[in-house]
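Undergrad: Sequence:
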Amino acid sequence: MSTENYTCTPNYTCTPPEVLAPVGDEETLLAAIRGGTDAVYLGVGEFNARQGAKNFTLENLDEAVKLAHSHGVLVYLALNIPIKQKELQHALDIADCAYAAGVDALILQDLGLLRLLNEIYPDLDIHASTQMTIHNKRGVNFVAGMGVKRVIVSRELTAAEVKDIVDHSKAEIEVFVHGALCYSYSGKCLFSSFLHGRSANRGACAQPCRRRYRFVVNGREVDERHIGGSYPISCAELSTITGLEDIVKTGVVSLKIEGRMKKPEYVTASAAAYKAAVQGICGPGDNPTKEELEARETELAKLFYRGFTRGFILGEKGVSHPKYSSNYGVFLGKVLDISRSKGNTKLTVRLNQDIQVKDGISIFTRERMLGSAVIGIVTISGEHIKSAKKGEKLGLEISSKTGRAVQRGDELYLTTDTRLLDTLQRTKLKTLPVSLKVRAMKGERFTVMIGEENEKPREIRKTTDEAPFVEFTDDYVVQEAEKSPTTVEKIRKAMESLGDTSFEAASVEIDADENIFIPVGVLKNARRTAADLLLEKILSVDKKEQKHPSLEDYSYLCDSEIHSSEASDQDELTPAVNETFNKTLSETLSETLSETLSETLSRTQGRNSASKRLLLSVEVNESSSLFEAAFAGADIIYVPVSKFEELSAPENAEKLEDLKAERVEIVFRVPLINHDYELDKLKPLLEKIKDAGFGIACSEFGTLQLAKELSIPFTAGKEFNIFNAFTASTLYKAGAYRSTLSSELNLSEIKNICEVLQTCKVSGQTEIFVYGRELMLITENDLLKPLVDRRIVRTSSKVLLVDQEGSEFPVKRLGTRTLIYNSKLLDMLKYVKNLKDYGVDVLRLDLSFNTQAEIKEIIKAYKEALAGKENRLKPARGVEYTTGHYFKGV
Numbered sequence: 001m002s003t004e005n006y007t008c009t010p011n012y013t014c015t016p017p018e019v020l021a022p023v024g025d026e027e028t029l030l031a032a033i034r035g036g037t038d039a040v041y042l043g044v045g046e047f048n049a050r051q052g053a054k055n056f057t058l059e060n061l062d063e064a065v066k067l068a069h070s071h072g073v074l075v076y077l078a079l080n081i082p083i084k085q086k087e088l089q090h091a092l093d094i095a096d097c098a099y100a101a102g103v104d105a106l107i108l109q110d111l112g113l114l115r116l117l118n119e120i121y122p123d124l125d126i127h128a129s130t131q132m133t134i135h136n137k138r139g140v141n142f143v144a145g146m147g148v149k150r151v152i153v154s155r156e157l158t159a160a161e162v163k164d165i166v167d168h169s170k171a172e173i174e175v176f177v178h179g180a181l182c183y184s185y186s187g188k189c190l191f192s193s194f195l196h197g198r199s200a201n202r203g204a205c206a207q208p209c210r211r212r213y214r215f216v217v218n219g220r221e222v223d224e225r226h227i228g229g230s231y232p233i234s235c236a237e238l239s240t241i242t243g244l245e246d247i248v249k250t251g252v253v254s255l256k257i258e259g260r261m262k263k264p265e266y267v268t269a270s271a272a273a274y275k276a277a278v279q280g281i282c283g284p285g286d287n288p289t290k291e292e293l294e295a296r297e298t299e300l301a302k303l304f305y306r307g308f309t310r311g312f313i314l315g316e317k318g319v320s321h322p323k324y325s326s327n328y329g330v331f332l333g334k335v336l337d338i339s340r341s342k343g344n345t346k347l348t349v350r351l352n353q354d355i356q357v358k359d360g361i362s363i364f365t366r367e368r369m370l371g372s373a374v375i376g377i378v379t380i381s382g383e384h385i386k387s388a389k390k391g392e393k394l395g396l397e398i399s400s401k402t403g404r405a406v407q408r409g410d411e412l413y414l415t416t417d418t419r420l421l422d423t424l425q426r427t428k429l430k431t432l433p434v435s436l437k438v439r440a441m442k443g444e445r446f447t448v449m450i451g452e453e454n455e456k457p458r459e460i461r462k463t464t465d466e467a468p469f470v471e472f473t474d475d476y477v478v479q480e481a482e483k484s485p486t487t488v489e490k491i492r493k494a495m496e497s498l499g500d501t502s503f504e505a506a507s508v509e510i511d512a513d514e515n516i517f518i519p520v521g522v523l524k525n526a527r528r529t530a531a532d533l534l535l536e537k538i539l540s541v542d543k544k545e546q547k548h549p550s551l552e553d554y555s556y557l558c559d560s561e562i563h564s565s566e567a568s569d570q571d572e573l574t575p576a577v578n579e580t581f582n583k584t585l586s587e588t589l590s591e592t593l594s595e596t597l598s599e600t601l602s603r604t605q606g607r608n609s610a611s612k613r614l615l616l617s618v619e620v621n622e623s624s625s626l627f628e629a630a631f632a633g634a635d636i637i638y639v640p641v642s643k644f645e646e647l648s649a650p651e652n653a654e655k656l657e658d659l660k661a662e663r664v665e666i667v668f669r670v671p672l673i674n675h676d677y678e679l680d681k682l683k684p685l686l687e688k689i690k691d692a693g694f695g696i697a698c699s700e701f702g703t704l705q706l707a708k709e710l711s712i713p714f715t716a717g718k719e720f721n722i723f724n725a726f727t728a729s730t731l732y733k734a735g736a737y738r739s740t741l742s743s744e745l746n747l748s749e750i751k752n753i754c755e756v757l758q759t760c761k762v763s764g765q766t767e768i769f770v771y772g773r774e775l776m777l778i779t780e781n782d783l784l785k786p787l788v789d790r791r792i793v794r795t796s797s798k799v800l801l802v803d804q805e806g807s808e809f810p811v812k813r814l815g816t817r818t819l820i821y822n823s824k825l826l827d828m829l830k831y832v833k834n835l836k837d838y839g840v841d842v843l844r845l846d847l848s849f850n851t852q853a854e855i856k857e858i859i860k861a862y863k864e865a866l867a868g869k870e871n872r873l874k875p876a877r878g879v880e881y882t883t884g885h886y887f888k889g890v
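Just so you know, we're using UniProt numbering here: the sequence shown kicks off at 1 and counts up by one.
Honestly, the hints are just simulated from the structure, not real lab data.
There is no bait here: all hints are sound.
Within a straight-line C-alpha distance of at most 20 Å, the following computed PhoX-like cross-link-like pairs (lysine-lysine) qualify: (1) Lys798 / Lys812; (2) Lys390 / Lys346; (3) Lys389 / Lys358; (4) Lys137 / Lys163; (5) Lys856 / Lys655; (6) Lys493 / Lys437; (7) Lys393 / Lys358; (8) Lys869 / Lys612; (9) Lys493 / Lys524; (10) Lys690 / Lys660; (11) Lys643 / Lys683; (12) Lys655 / Lys688; (13) Lys643 / Lys688; (14) Lys389 / Lys334; (15) Lys612 / Lys751; (16) Lys836 / Lys869.
Assemble the whole structure, with the sequences as input and the hints as a guide.
TA: Written out as structure tokens, the structure is:
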């Protein structure tokens, strides 16, 4: 485990960020509290990004919130998936129960649901999920303008980028600091969805990135040693504890630990480790030492380890771990010798970790990883012992069955440390510090006052201006002592005995006469009653009345006007977003659209009507392909924004003007990912595109916000995961004149969205993807760099990632980012004649992989199909075709 990011400097003044722990069920909730976490995040049912976790129910959510709050722990409910149109009411019901239970915030991905909940529950905090792929200042400010309090930014940002966002954003910023990493930018992965029908965006990821793959370059297989192993797209576990100070210095408010499907001991240990590190960094005295942080990290590795990476946030770009994709523990040593007998196999090893009998180990054999329990420990002299220390040379006895596959030189790893597990399981629950004041004056009733010592959780929950405080006066009147007086020490001891509650006495102030007598039973009863009253008050301020919202009552949010709180909250919006939500779509378009774009829109007026003509849009990568697509009859052509200068050159300018005259709409595609430095470089080019009268295609919120600032007409891509009409409508209100629906919807769900949009009288167009290779994922990891460095891969190389079933996934290098495409080709040609019935306006073909001859042939086939003629495309050799999710969905 590398420690190159370790820093140890004298303490500086900082506000400790909260430690946010993952919770998958009641057991891990208790584990998180034991770890001393400040807050937890959890899911209810299947409407969250971890369907594989046990999760909570609406019935036990209330008790979970009570338990957490009684220990001073905040609760955030993850509702962070795109919501289908027919699921919106159920999502509102879940949110309503969560609101009534007193959850402290909701974590959302769906833009439409966000808008609904802001309208219904203006006093409920909303956090924007990392699934929204927000990775720049403009993206943060866009959702902040919609009422989001906190943004969980993409894991691909560096600490410097995070600090820049913190310094220039109104929203709070949260980052991941430990746990599993997605290979793709979160919210941009369709790998599991198209391979296994299990949507990662919807919380059902089958983790195809954890499987074996091999590379084929120009038809030749690449030796896996060039890429480090058989698992090239499997990420190591994120571990930032040795460089945590650099993250704390960014000013983020929350440090998030991944792991809602991990064991309780993992949750306890990870929460405790990061809490201790934060307290050391921001507290008085010296920072944690290098040795202390390394010991904490080793402890975490014993609980779950598949390699550690410091992550992009600490500057480590090589986040993959091709060696092995499952948990295999911390390095224990190499097999020096083997002794086999009938009952067991003895492996001689020099220990790199302490070990004891019944611990679990994994063995990296030539064939595969094997697991075994240690059934015996034998010294060199032959003595059986129960435990051994790091550095000792001895024999570990394992089962003879497992031992048959082991050879000298095989690596051993410690996967289960039974002593560590026992320690974590016996850790006491975190308590809530309270202060007590006692009044014991002769002739007066005995009084106990108790209140929260730490106001921060109450401040975050915004339930009261001051920490909860209660006073209990007992019926007992304090008497003059006749024999044994009740001393101040006895009163203090009785008050401090809060062991049967969730409280801990941080201070006890006693105002008492001398020579008084109070029975022990009175002291205990007063303390217990006061504590019960305080807990009741703490929990009562969190409770709210359910509102039982009906989706029908908020249908007005889907039309083109501003209503209710949207209008009253305008002063809180950022200027650009404020402007957006004060205009109807038609007003925005009339100010910015060229004649060509207006003409394109007019051709699809009369949504879902028999007279409406479906338009054909085409995506290409080259300028020459653009002209070929136009001559073949494409109505709309998407081309990379990087081609604008080339298309504006004298040799192309006249042809481009001719296309404008012919009412062919040209849209410049902005990259899917744009960090702030990339957006800054892009801005002058976008201004030129605007001046030339063209629009752009946006795929993330930062670009969308920039388009608004520059008043450039724009479309909203399918990367926004549009699953319902409210999301589409929200994007139209933000200024989009066209939205591309998610590729994970089936035809019935698409029709449902279009019908609602028709009812709302929204004038923006809807588009669906009907031909081409779906982009499975985009990653910041430079997957092909080792092969480029060895000159195995060149610019013109055809690179395929091949799985164990033989499916071939095209791989492209875009700068230092990597794009992986589907092995199958989507083709809906035979169903085109029926697609008009589903209410869409535009059918999109992705021809970026095709030659000019193929572009001409494919467009011709689709144009004829739109005209009602029967047509077929000749199947490409070696290509497998699919109809995607259109007849099944996710």
